[in-house]
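There are 2 protein chains.
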Amino acid sequence: MQKTDVLIIGSSAGGMVVAGLGKRINPDKKFTVITKNEKTLVPCGIPYVFGTVGTTDKNIIPIEQSFAKKGIELIYDEVIQIDREHKEVLLKSGKIMAYEKLALATGSNPYEPIWLPGHDLENVYYIPKDKVYLDEAQKKIGKAKKVIVIGAGFIGVEMSHEIHKLDKEVHLLEKLPNILSLAFDPDLSDRIEALLLADGVKVQTGVTVKSIFGKDKAEGVLLDDGTRMEADAIILSMGYRPNSALAVKAGLPVNDKGFIIVDEYMRTTDSNIFAVGDCAEKKQFITGKSVPIMLASTACAEARLAALNLYGISAVKSFSGTISIFSSAIGSKGFGVAGLTEREANEIGMKYVTGIFEGMDRHPGCLPDSEKQFVKLIVARDSGIIVGCEVAGGLSTGEVTNTIGIMIQNRMHICNLMKAQIGTHPLMTASPAAYPLIQAAEDVVYKLRVESRKKEVK
Amino acid sequence: MQKTDVLIIGSSAGGMVVAGLGKRINPDKKFTVITKNEKTLVPCGIPYVFGTVGTTDKNIIPIEQSFAKKGIELIYDEVIQIDREHKEVLLKSGKIMAYEKLALATGSNPYEPIWLPGHDLENVYYIPKDKVYLDEAQKKIGKAKKVIVIGAGFIGVEMSHEIHKLDKEVHLLEKLPNILSLAFDPDLSDRIEALLLADGVKVQTGVTVKSIFGKDKAEGVLLDDGTRMEADAIILSMGYRPNSALAVKAGLPVNDKGFIIVDEYMRTTDSNIFAVGDCAEKKQFITGKSVPIMLASTACAEARLAALNLYGISAVKSFSGTISIFSSAIGSKGFGVAGLTEREANEIGMKYVTGIFEGMDRHPGCLPDSEKQFVKLIVARDSGIIVGCEVAGGLSTGEVTNTIGIMIQNRMHICNLMKAQIGTHPLMTASPAAYPLIQAAEDVVYKLRVESRKKEVK
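Chains as they are written, first to last, in the working numbering: chain W, 44 to 501; chain Z, 44 to 501.
Calculated from the structure, these hints are not laboratory results.
We put the beta carbon where it would ideally sit given N, CA and C, even for glycine.
Where hints are given, some of them may not hold.
Distance windows between CB atoms, simulated [what the hints assert, rightly or not]:
(1) THR270(W) / PRO411(Z): 35 to 41 Å
(2) LYS300(W) / ARG386(Z): 28 to 34 Å
(3) TYR489(Z) / PRO105(W): 40 to 46 Å
(4) ILE399(W) / GLU121(Z): 36 to 42 Å
(5) PRO105(W) / LYS113(Z): 33 to 39 Å
(6) PRO105(W) / ARG496(Z): 27 to 33 Å
(7) ARG496(Z) / ILE399(W): 49 to 55 Å
(8) PRO411(Z) / GLU128(W): 36 to 42 Å
(9) ASP210(W) / GLU107(Z): 46 to 52 Å
(10) TYR489(Z) / GLN45(W): 49 to 55 Å
(11) ARG454(Z) / GLN45(W): 32 to 38 Å
In silico lysine to aspartate or glutamate, EDC-like type, Cα no more than 20 Å apart, as pairs [as the list claims (entries may be wrong)]:
(12) LYS462(W) / ASP306(Z)
(13) LYS101(Z) / GLU414(W)
(14) LYS112(W) / ASP412(Z)
(15) LYS208(Z) / ASP412(W)
(16) LYS208(W) / ASP412(Z)
(17) LYS497(Z) / ASP71(W)
(18) LYS113(W) / GLU401(Z)
(19) LYS376(W) / ASP71(Z)
(20) LYS130(Z) / GLU116(Z)
(21) LYS498(W) / ASP71(Z)
(22) LYS260(W) / GLU165(W)
(23) LYS497(W) / ASP71(Z)
(24) LYS174(W) / GLU143(W)
(25) LYS462(W) / GLU307(Z)
(26) LYS72(W) / GLU494(Z)
(27) LYS332(Z) / GLU385(Z)
(28) LYS135(Z) / GLU155(Z)
(29) LYS498(Z) / ASP71(W)
(30) LYS490(W) / ASP71(Z)
(31) LYS101(Z) / ASP412(W)
(32) LYS112(Z) / GLU401(W)
(33) LYS188(Z) / GLU165(Z)
(34) LYS72(Z) / ASP100(Z)
(35) LYS72(Z) / GLU494(W)
(36) LYS376(Z) / GLU155(W)
(37) LYS113(Z) / ASP71(Z)
(38) LYS101(W) / GLU414(Z)
(39) LYS130(W) / GLU165(W)
(40) LYS73(Z) / GLU165(Z)
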């Protein structure tokens with residue numbers, strides 16, 4: 044029987060970070076990562092493999108070298124059972140390995156709609172984090188002339204745009220009234236839809252697929268309204284489900300959506316077993332309610348917490364809840380959201396004020412590569428605390444969204460943003476006198492002031 | 044005699060923002076801006092006029108339209124005297140205008156080294172915020188073949204790089220051992236110097252100019268070591284001095300460097316007179332000491348404070364000190380600094396820990412337009428509070444620097460950054476597992492931990 048101190052199952056973002064940071068701060072402990080994938084893909088890069096990047100070979104995280112350098116053991120195998128009583132795992136190869144601490148970073152799998160007739164036909168593809176599967180899918184999709192993508196979340200949107208670059212006719216179908224509507228308010232999703240349409244992706248929202256038809260292999264889809272759409276390839280991007288089968292088998296509680304239940308230090312109910320990333324439950328930072336967020340960036344934040352708390356709990360190093368920070372890009376246009384959207388604020392009955400501003404992200408605006416920059420802030424009306432934002436602009440949007448993410452995590456008051464000092468430069472940011480983030484704050488302060496005056500009049 | 048409620052002297056960043064925000068929250072008050080410049084330039088865009096932008100005509104803030112839309116009166120004239128007792132100003136045109144509140148946003152002027160022989164010859168140029176002067180200078184510099192730029196602060200560096208784009212031989216001379224050394228530590232200034240050299244700008248540091256020689260017009264410079272360098276044009280970018288003559292004449296106290304003394308609400312010693320921007324004193328956020336920072340972004344932050352406090356002081360809307368946030372770019376490479384540099388920390392005897400990481404700003408790193416991203420965090424050792432940073436990378440550097448600026452303003456603890464949640468996207472940011480900002484935080488936490496262990500052993 045082999046032995047290790049910290050055993051990590053999974054080598055994607057979450058597993059990698061638990062191992063790397065854990066080993067760095069516990070250099071005397073032995074760290075072992077077990078992965079069933081021969082190659083570990085950059086998860087968020089996957090849609091870009093189909094267009095911009097061109098091949099999964101350029102989208103690989105070199106974990107062998109990285110782990111070897113850090114003194115972390117890497118084993119290609121699969122854990123098929125956890126024996127919590129004896130603190131051992133059974134591997135597919137038949138080997139047994141003992142652990143002191145265990146971290147589950149088992150990720151997620153694409154959702155398979157078994158209720159959808161034809162979902163299992165040939166030429167129907169999913170987007171798992173699996174190089175072998177994706178290489179085969181890419182080859183076959185490459186030969187298709189007409190592709191239907193079902194489900195307009197991030198993967199569906201990014202895949203559609205990338206595949207369209209290969210001169211294919213691409214149809215993106217979404218049953219909800221807006222694309223990306225679980226992440227963005229219509230302010231942003233409408234802009235993204237317009238960009239997709241302008242680039243030639245045929246987007247249809249509010250349409251429900253009734254079945255996939257075809258003999259042997261898929262030949263198209265039938266919509267609820269009776270429309271038949273033909274295609275050579277169909278991609279199902281209808282979300283992901285936590286891969287928690289191993290945890291369930293080991294008797295670790297999962298929630299009603301299958302996420303492994305964890306505490307604020309990322310511990311499961313077994314204090315020697317941690318869970319991070321797509322397989323672990325996330326609680327929303329304001330409501331405390333469970334949310335089905337799956338992001339590599341969230342996985343990494345959780346993994347850092349787990350690593351810091353592996354040996355001895357550190358009270359300050361706990362999570363106050365998940366602040367979902369999403370970003371995406373279509374060509375040179377970026378989109379981002381952090382914290383609550385208006386839809387979410389309404390759902391929980393929070394009274395809020397929005398501040399909106401649109402300007403240019405360079406100054407003067409005639410500079411090459413200038414893009415319009417739109418910022419919407421969402422501020423809790425009773426406290427003045429910033430709780431959410433949406434940003435649209437050029438490719439600096441990802442970092443602008445992170446700036447607001449940091450404000451939300453610091454529970455920053457809108458008055459502190461109004462007087463905040465920022466740095467600006469013609470080639471990199473908006474003008475200091477019309478910096479959209481600050482102008483949006485001004486809009487909030489103005490609205491709050493107008494409201495308080497109205498109250499005084501009453 | 045004309046009358047107004049709020050009179051603002053100066054129409055650049057500071058004056059514009061006092062007027063815009065002030066009028067928005069005090070719609071019943073009359074706001075008047077007096078400017079002596081026929082056109083108001085985007086201040087930070089000036090160096091780019093000489094290369095990328097091509098003409099000052101494309102670098103103008105359309106204040107006429109903006110003020111008209113907001114209901115702000117705009118007068119082209121010059122205030123030559125302030126009568127504080129009667130709350131009136133005398134204009135160059137002979138008119139008198141009464142005010143209720145006055146805001147000085149009189150800016151700064153290039154430093155003229157009157158001790159330097161030849162400084163007043165023809166073909167010697169300064170870079171003031173003056174369209175008429177700059178248009179003439181641009182025309183003449185455009186005809187020069189060899190240009191010497193004296194002083195490698197931001198203006199000197201940016202001007203040299205832009206002018207070099209016009210296929211001129213450009214020499215940039217700096218007396219200190221490093222370029223930009225008042226803003227950046229050598230980590231960054233060495234990188235910028237290397238980029239300038241690689242692009243063909245001839246940079247020399249540690250050289251002192253003894254005189255400018257030439258009959259009638261400048262023909263070159265003589266260095267301290269006897270070297271003679273010939274040139275057709277010489278640009279003096281040796282810093283700026285606050286334009287506080289009007290304030291001094293009115294008996295308002297200025298500090299030893301000529302900056303108008305203001306309180307935390309941007310009021311001068313006369314509570315009806317505010318001062319903002321380059322002419323107003325700035326106190327450093329940690330030491331409280333006066334610092335000669337001149338940035339349009341700082342001016343705007345001060346102007347927002349002044350606007351909010353014009354009528355009735357709001358306790359929450361005060362400044363805790365200036366956090367200098369600088370950024371600049373050379374081609375597609377960006378550089379930024381927020382808060383204290385190591386040099387400044389050393390000067391005040393602060394014990395600190397640095398955390399450093401360098402990665403790629405896209406993921407996978409093979410994506411087009413990927414740049415290396417370097418982050419150095421400076422953290423106070425006794426408290427763990429983040430007090431400074433330096434960032435080098437692509438053009439998202441400006442916004443990454445702002446993210447850290449917000450952390451500094453929120454007095455964020457390094458442990459909170461370690462567990463911070465960020466958003467990532469292949470086309471816009473570094474990878475979530477190797478996001479330089481978080482990795483640099485990890486480096487700090489690791490160093491603090493190693494140190495505390497050493498203490499335990501003792």
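For each hint, the structure was consulted:
In this structure the supplied range 35 to 41 Å holds for THR270(W) paired with PRO411(Z), their Cβ-Cβ distance being about 38 Å. Range check, LYS300(W) to ARG386(Z): Cβ separation about 52 Å, and the 28 to 34 Å hint is violated. Restraint check, TYR489(Z) to PRO105(W): a C-beta distance of roughly 22 Å breaks the suggested window 40 to 46 Å. Separation of ILE399(W) from GLU121(Z) is about 37 Å and conforms to the stated range, judged on CB atoms against 36 to 42 Å.
Distance hint check: the CB atoms of PRO105(W) and LYS113(Z) are about 55 Å apart, inconsistent with the given range 33 to 39 Å. Distance hint check: the CB atoms of PRO105(W) and ARG496(Z) are about 31 Å apart, consistent with the given range 27 to 33 Å. Range check, ARG496(Z) to ILE399(W): about 50 Å between beta-carbon atoms, so the 49 to 55 Å window is met. With their beta carbons about 53 Å apart, PRO411(Z) and GLU128(W) fall outside the hinted range of 36 to 42 Å.
For the pair ASP210(W) and GLU107(Z), the supplied restraint of 46 to 52 Å holds, since their beta-carbon distance comes to about 49 Å. Taken as a hint, the range 49 to 55 Å is violated for the pair TYR489(Z) and GLN45(W), whose Cβ atoms sit roughly 28 Å apart. For the hinted restraint 32 to 38 Å between ARG454(Z) and GLN45(W), the CB-CB distance of approximately 47 Å leaves it violated. Among the hinted pairs, LYS462(W) with ASP306(Z) is consistent with the structure: their alpha-carbon atoms are about 15 Å apart, no more than 20 Å.
A C-alpha spacing of about 16 Å is found between LYS101(Z) and GLU414(W), which places the hinted pair at or below 20 Å, so the restraint holds. A hinted pair counts as satisfied when its Cα atoms are at most 20 Å apart, and LYS112(W) with ASP412(Z) does not qualify at roughly 28 Å. As the CA atoms of LYS208(Z) and ASP412(W) are separated by approximately 18 Å, the hinted pair is consistent with the 20 Å bound. At most 20 Å may separate the alpha-carbon atoms for a hinted pair to count; LYS208(W) and ASP412(Z) meet this at roughly 18 Å.
Distance check on the hinted pair: LYS497(Z) and ASP71(W) sit about 15 Å apart at the alpha-carbon level, within 20 Å; holds. Taking the CA atoms of LYS113(W) and GLU401(Z), the gap is about 17 Å. The hint holds against a cut of 20 Å. Using a Cα cut-off of 20 Å, the hinted pair LYS376(W) and ASP71(Z) is violated, with the two alpha carbons roughly 40 Å apart. Using a Cα cut-off of 20 Å, the hinted pair LYS130(Z) and GLU116(Z) holds, with the two alpha carbons roughly 18 Å apart.
As the CA atoms of LYS498(W) and ASP71(Z) are separated by approximately 18 Å, the hinted pair is consistent with the 20 Å bound. With a C-alpha separation of about 4 Å, the suggested pair LYS260(W) and GLU165(W) falls inside the 20 Å cut-off, and the hint holds. Taking the CA atoms of LYS497(W) and ASP71(Z), the gap is near 15 Å; set against the 20 Å cutoff, the hint holds. Between LYS174(W) and GLU143(W), the direct Cα distance comes to roughly 31 Å. Violation of the 20 Å bound is thereby established for this hinted pair.
Proximity of LYS462(W) to GLU307(Z) is assessed by CA-CA distance (about 11 Å); at most 20 Å being required, the pair is judged to hold. A hinted pair counts as satisfied when its Cα atoms are at most 20 Å apart, and LYS72(W) with GLU494(Z) qualifies at roughly 19 Å. For the hint linking LYS332(Z) to GLU385(Z), the alpha-carbon distance of about 17 Å falls within 20 Å, and the restraint holds. Proximity of LYS135(Z) to GLU155(Z) is assessed by CA-CA distance (about 25 Å); at most 20 Å being required, the pair is judged violated.
Straight-line distance between C-alpha atoms of LYS498(Z) and ASP71(W) comes to about 18 Å, which keeps the hinted pair within the 20 Å bound. The hinted pair formed by LYS490(W) and ASP71(Z) meets the criterion: a straight-line CA distance of about 16 Å does not exceed 20 Å. Of the supplied pair hints, the one linking LYS101(Z) and ASP412(W) holds, its CA atoms being roughly 15 Å apart against a limit of 20 Å. Distance hint between LYS112(Z) and GLU401(W) is fulfilled; the C-alpha atoms sit about 16 Å from each other, no more than 20 Å.
Between LYS188(Z) and GLU165(Z) the CA atoms are separated by roughly 16 Å; this keeps the pair inside 20 Å, and the hint holds. For the hint pairing LYS72(Z) with ASP100(Z), the CA-to-CA distance comes to about 33 Å; that exceeds 20 Å, so the pair is violated. For the hint pairing LYS72(Z) with GLU494(W), the CA-to-CA distance comes to about 19 Å; that is within 20 Å, so the pair holds. Our distance criterion of 20 Å between C-alpha atoms is broken by LYS376(Z) and GLU155(W), whose separation comes to about 44 Å.
For a cut-off of 20 Å, the pair hint linking LYS113(Z) to ASP71(Z) stands: about 12 Å separates their Cα positions. For the proposed pair LYS101(W) and GLU414(Z), the alpha carbon gap of about 16 Å is at most 20 Å, so the pair holds. In summary, the hint linking LYS130(W) to GLU165(W) is not supported, as the alpha carbons are separated by about 42 Å, beyond the 20 Å threshold. With a C-alpha separation of about 45 Å, the suggested pairing of LYS73(Z) with GLU165(Z) is violated against the 20 Å cut-off.
In the structure shown, a violation is registered for the earlier hints numbered 2, 3, 5, 8, 10, 11, 14, 19, 24, 28, 34, 36, 39 and 40, in ascending order.
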